[in-house]
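Asker: Put chain B on the given structure of chain A with help from the hints.
Chains A and B, in that order, are what the protein sequence lines are.
For the first sequence, counting from 1, position 152 maps to 152 in my numbering; every step adds exactly one.
For the second sequence, counting from 1, position 367 maps to 1367 in my numbering; every step adds exactly one.
For the record, the hints were derived by calculation from the structure and aren't laboratory data.
Hints may contain errors.
To be verified - A short, non-exhaustive set of chain A residues, derived as facing chain B with CB atoms under 10 Å:
no., residue
1, T87
2, Y101
3, P105
4, R232
5, V235
Said to hold, decoys possible - Using C-beta positions, here's what the derived DEER-type ranges look like:
no., chain 1, residue 1, chain 2, residue 2, range
6, A, A120, B, T1704, 43 to 51 Å
7, B, R1342, A, A85, 56 to 64 Å
8, B, D1778, A, D77, 48 to 56 Å
9, B, L1303, A, A22, 24 to 32 Å
10, B, G1700, A, D190, 57 to 65 Å
11, B, A1753, A, A85, 38 to 46 Å
12, B, G1018, A, R193, 50 to 58 Å
13, A, A85, B, I1769, 44 to 52 Å
By construction, the Cβ of each residue, glycine as well, lies at the ideal position given by its N, Cα and C atoms.
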Amino acid sequence: MSDAQGLARIFVGRGLTKGYRAGEQVVHALRGVDLDIYRGEFVVLLGPSGSGKSTLLNILGGLDTPSAGQACWGDHDIAAVDESARTRFRREHVGFVFQFYNLIPSLTARENVALVTELAAHPMPPEEALGRVGLAERMDHFPSQLSGGEQQRVAIARAIAKRPEVLLCDEPTGALDYETGKVVLTVIADVNRDLGTTAVVITHNAVIASMANRVIRLADGVIASVTVNAERAQVDTLRW
Amino acid sequence: MVSMLDRKLLRDLWRMRGQAVTIALVVACGIGGFIATHSTHDSLTRARDTFYETSQFPHLFADLKRAPNAVARDIARIPGVAQLRTRVVQDVQLDMPGIQQPLSARIIGLPIDAESGMGRLTLRQGQWITREGSDQVLVNERFAQARGLQPGDTLYALLNGKLQKLTVAGIVLSAEFIYATRGGGLPDDEWFGVLWMDAKRLSAAFNMEGGFNSVVLRLEPGASEPAVVRTLDRMLEPYGARGASGRAEQISHKIVSQEIEQQRVMGTLLPAVFLAVAIFILNVVLHRQVASQREQIAALKALGYDDRAIVAHYLKLVAVIVSGGIALGVGLGQWLGGYMTRMYAGFFHFPDFEHQTLPWVLLAAAGASFAGAVLGTLQAIRRVVALPPAEAMRPPSPPSFRPTLIERLGFARWTTPAVRMIVRNLERRPLRAVFTILGIAGSVAILIAGTFWRDAIDHFMDVQFNRVQPGMIYLSFVEPLGPEVMQEVTRLPGVMHAEVSRTIAVRFRHGHLAQRAPLIGIAPGDSLQRAIDARTGQRPVPVEGLLMNKRLADKLGLAQGDSVWVEVLEGERAVRRVQVVALFEERVGLNAYIDARSLERLTGEGPRYNLAALAVDGAYRDRLMARIKELPRVGAAIVKDSLLQTFRDTAARNMLFFTGVLTVFAATVAVGIVYNSARISLAERAWELASLRVLGMTRGEVSTLFLGELAVMVAVGIPLGCLFGYGLAALIVALTHGDAYAIPLVILPHTYAYAGLTVIAAGLASALIVRHRIDHLDLVAVLKTRE
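Here chain A stands alone, though its shape is the one from the complex (with noise of 0.2 Å):
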């Protein structure tokens, strides 16, 4: 699959929609979202709390499945498949971070990369994932001993070294502060870069926005706007 510009689609969403039950109510997180990502682009899904942008996150991830809509990968519908299926696909080609890093606090920051690796077919060691996020001198380290901004490095480094097609990143500088935070977006932004993982990131902060090929804002449950940012920003010129 690709569009008219030669680039291979490797997600292809359409019509998905997601209801919850609230009492008596259903509430719509989605509305019949149709969405593209493109192989190795960087794309950033803005939108203010309630937008949907988390719940479309899980659904692209195999976390969650839309109550309506298709959601494939390729030939495959991860929307339509089991529960043993997703978590299949969710182990070979989604990497996962997240606001709150999610390290497992009994294993050290090797040994929590060890752990995603031990089920990669071609993982990359654990000391070169972390290496990457720049943690060589850490690794044995325990989450308890190491900074906000370092465990969400084990998480990136978690997350990439199974070599993931994909990088999933829901607010992954929303507990952090603001030199933290570059740090963090400047490792995504070169695994995105050096090992061409698409990376999909979900952020309220329209500055980091700059960084992405393309943006994606949500409101309501449906995708309001898309840009396409002709120049990408380097992270050094970030400002928020």
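Answerer: Frame of chain A; chain B shown alone:
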């Protein structure tokens, strides 16, 4: 109007219902076991004491050869004697139509007017003996039931060599024969009956007119038993008395009392383990509950609730759970106690036997549970109450981990991250891990201590019947016979090998300690009656001096090499000082062994024998049995395999019940502990597990990681539990040993295996329930919040 705090209480309880129910069940098992055993103990004690009181059970018993009735007047004048009854007692062989095997009976003479007074019988069926000189007899209920005898039925007894027809007039109970046995301590009701017949007729049959050979006495309150015994023995010595003995040496009393005592020991030890486990679970669950509600507690404080109200709130939570357990436990205890009481009613026969639970048992059970639960949880509550509200509002700082000891020692290379997670989690909360392991070990120990009896009794029976007495038939003679008896028994049909021996009644004296006991004569080369050491096997009887079992030596304060006074209680009544040459471990009775020739010298009677042991060719069994019935001087014939069969059937039934109950109890404890540990750890780590699922771990992999921790604790807990079980069994054995028998501490591998497998099964069941929860973790929700 329910206060808001109480409403919160109810909702919290509903949310943690699985945990609340399992804790309540563990409490219920402890309470149930405590009430069941103690109420059974109390019911048995009361039934026995009431029976003793209403039947005026004698305090002293003395057997002799023959004394003229006039002696009774002298006995009555002994200071301290309140009542006495003289009587004729004879051991005879019985014959019942259709029964091949020889039966034995003890026949006791009963005056026609003896329906009241000391040793009064309780008539259960039929009527009293009405005519002097008639062939009517009263039969003890145990024998009557075992043999299906009814009033009007007929049996035959060999009275002084003459076969006489007897008619059953009534079925009775006697406090002297609550447990009737010819001495071995085994239930003997199919083969041994107790009959009462008109005293005049019995005396006539045995040429005992104008005399008696047995006397029973009741003492005045405060009378000195030893003083009366001394005077009585002196008085009866010329008449061939074997020495008077008190209730403590009366066989039925001894066995009934030891059985009752066992109830008390089991009823105290095992429930204590349950209660300890329940308190531990409560403690951990409440710790967790309070920790997860620290923000709420802070908010309550900020709103103006004082510490006392908050403490009371959590204590109420504990109280509701424990009360549920107590209510359930009382019901369970009453049902179980009733069942056990009925079981014993079939075993012992008391005229009034009902299950009753004394108020103190209920109060003690409830009180101990409450006190334990409150003490166990107070610390958890105090910790949170002590927090200033502002600090409590903040989430607790993230858990810190470090490499485990094993890793610091350099073994990390061989472990996977998953294994490291398991080990580090265990090491991070060592106290909880230790207590969980102890709880698992506790349930294993309960099972072992409750079911090892089967092994112990099998071993006991094997030693006693295959090694100590490997013969098939044992005959006892009504009086010692000369050497010609050897030829007589050897000529019996089917006898392949026969041995005759002599056992006499003696009283051992050492310092101020005295003990009546049998002195068993054994000839070199005897193989059908041997002294067997429970640990080392056969013990040779020394040529000079005594071989004594340790339990008798302990009673007398004797050590190996000491000398002891032996007073022979029959014949010439010699008194000699004899050295105790060797001691050994023996489980049954209080016995001493002596070389057959030494015994002859001691009695001064030359070779005389009162026992014969026969090894028999099974093919001649029927003919042999028929022939034995005709032997006039045989008082009792014990056929070993029939005795064993009866015992095994009874024991197997009872063991099955207790094994069943204890299995359910132990499984409840195991589920309680494993399930609660798992739930708590799941609550604490749901976030971590969900993260792993997001990273692509399957449900199976995450469950393995999580449940691996439990598996490790179960794996450590089971061997530890085997060790505890051994200790607990040893304690029970030590606390229940009595004069009649000492249960050996034998636990076979299959008992350990059964205990271990039961706990593994319980652990698996708990794991499955928790696994269900892991499978349904809400991945999206846990990622959005920080635990």
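Asker: Are the hints correct? Go through all of them and say.
Answerer: Evaluation of the provided hints:
1. Annotation: interface hint on T87 (chain A) holds; nearest CB of chain B at approximately 5 Å, less than 10 Å.
2. Checking Y101 (chain A) against chain B: minimum C-beta separation of about 9 Å stays under 10 Å; hint holds.
3. Checking P105 (chain A) against chain B by beta carbon gives a least distance of about 5 Å; that is within 10 Å, so the hint holds.
4. The criterion of a C-beta within 10 Å of any C-beta in chain B is not met by R232 (chain A), whose closest approach is roughly 28 Å, and the hint is violated.
5. With its C-beta approaching chain B no nearer than about 25 Å, V235 (chain A) sits outside the 10 Å limit, and its interface hint is violated.
6. A hinted range of 43 to 51 Å for the beta carbons of A120 (chain A) and T1704 (chain B) is inconsistent with their spacing of about 18 Å.
7. Separated by about 60 Å at the C-beta atoms, R1342 (chain B) and A85 (chain A) satisfy the suggested range of 56 to 64 Å.
8. For the hinted restraint 48 to 56 Å between D1778 (chain B) and D77 (chain A), the CB-CB distance of approximately 23 Å leaves it violated.
9. The beta-carbon spacing between L1303 (chain B) and A22 (chain A), approximately 28 Å, falls within the hinted interval of 24 to 32 Å.
10. Distance hint check for G1700 (chain B) and D190 (chain A): the Cβ-Cβ separation is about 35 Å, which falls outside the suggested range of 57 to 65 Å.
11. For the hinted restraint 38 to 46 Å between A1753 (chain B) and A85 (chain A), the CB-CB distance of approximately 42 Å keeps it satisfied.
12. For G1018 (chain B) paired with R193 (chain A), a C-beta distance near 51 Å keeps the hint of 50 to 58 Å intact.
13. For the hinted restraint 44 to 52 Å between A85 (chain A) and I1769 (chain B), the CB-CB distance of approximately 26 Å leaves it violated.
Against the hints set out earlier in the document, violations occur for numbers 4, 5, 6, 8, 10 and 13.
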